[in-house]
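J.: Letter by letter, the chains look like this.
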Amino acid sequence: MKNFDSIFAAYLVGWAVYFVFYLSIGKRAAALTGEIERLKNSVGRGK
Amino acid sequence: MSKRAILGLLTLCLVVASAYASFYVAPLERTMGPIQKIFYFHAASAWAGMTAFMVCFVANLLYVWRRQVKWDWLGVSCAEVGLVFTTVVLITGPIWAKPVWGIWWTWDWRLTSTFVMWLLYVSFLLLRTLVEEPDRRALFSALFGIFAFLDVPLVYFSIRWWRTQHPQPVVLGGTGSGLEPTMRKVFFFTVLAMHALMALLIAERYLLEKLRGGVDELKREAEAQ
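Chains as they are written, first to last, in our numbering: chain P, 4 to 50; chain U, 55 to 279.
Be a bit skeptical, because a hint or two may be false.
To be verified - SDA-like, lysine to any residue: derived pairs with alpha carbons at most 20 Å apart:
1) U/273 - P/35
2) U/264 - U/85
3) P/43 - U/250
4) U/264 - P/31
5) P/30 - P/42
6) U/57 - U/250
7) P/43 - U/263
8) P/43 - U/279
9) P/30 - U/264
10) P/43 - U/267
Claimed, not checked - Pulled from the structure, derived: some chain U residues nowhere near chain P, Cβ distances all over 12 Å:
11) 131
12) 138
13) 150
14) 219
15) 235
If you're looking for bench data, these hints aren't it; they were derived computationally from the structure.
Positions of the beta carbon are idealized from the N, C-alpha and C atoms, including for glycine.
Sequences and hints are given; from them, build the entire structure.
T.: As structure tokens, this is what we get:
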């Protein structure tokens, strides 16, 4: 197929951007959930 | 299976089906040949990105009017997702341009206004990191978001108002423009799939912002003790 490299690169890089973004949301959510647990414990101890 | 997982799976099916349709259902374009297949992914991503910015604009207006934190969460979620879609547009565009135009990039109205739009929404997200106090941060970013949106119609109309290296509109372009009927159907199917992906990413990003709101609240509670 003519220009196969360009087509492959466009689709690969494009989908990689969406996938990495989706993973980054999951990673950030996990970090925030951990922080919420930590803060809940410290607020609970302070009461 | 949770509702989120089902929606995610449906979106994945739509996206895979649209990619299949782009390669195996849509006919080969006569002048450009197979490289034109990038069009379905590139243009559909651009439409989805601009829709995200439009929702961001509405959320920003609603925040300024109502001062409800949910509109701030929606605004930042849409700005980030719109930025991701525009990033894909700015990557796939030059990859398509090089074999067709012989150059990666040119500073014509469409390309420049799209790049400016990308920079404006990067600034929108950076601005949020500079303000600590949540209410001030929400108000400043809503006002900046309203300003940033001014560039979005310019991106859309640039190929209608000025002569550009970028092709003139082939969809909703008026007389003398248009796509072959099967290409048109495949294009709108891809637009639907990319909008489903956009909605899914915004929903996930919104939940993240909601978590961040919970962290801010707990931090305030901890500081008050």
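J.: Each hint: holds or not?
T.: Each hint tested on the structure:
1. U/273 - P/35: holds, 12 Å
2. U/264 - U/85: Violated, at roughly 49 Å.
3. P/43 - U/250: Answer violated: residue 43 of chain P to residue 250 of chain U is near 35 Å, above 20 Å.
4. U/264 - P/31: At roughly 12 Å apart (the allowed maximum being 20 Å), residue 31 of chain P and residue 264 of chain U satisfy the hint.
5. P/30 - P/42: holds, 19 Å
6. U/57 - U/250: Roughly 15 Å separates the two Cα atoms, so the pair holds.
7. P/43 - U/263: With a Cα-Cα distance of about 18 Å, the restraint between residue 43 of chain P and residue 263 of chain U holds, given a limit of 20 Å.
8. P/43 - U/279: holds, 13 Å
9. P/30 - U/264: Satisfied, since the Cα-Cα distance of roughly 15 Å is no more than 20 Å.
10. P/43 - U/267: Cα-Cα ~14 Å, so holds.
11. 131: violated, 10 Å
12. 138: violated, 5 Å
13. 150: violated, 6 Å
14. 219: Nearest chain P Cβ is 18 Å from residue 219 of chain U, so the label holds.
15. 235: holds, 23 Å
In summary, the numbered hints that this structure violates are 2, 3, 11, 12, 13.
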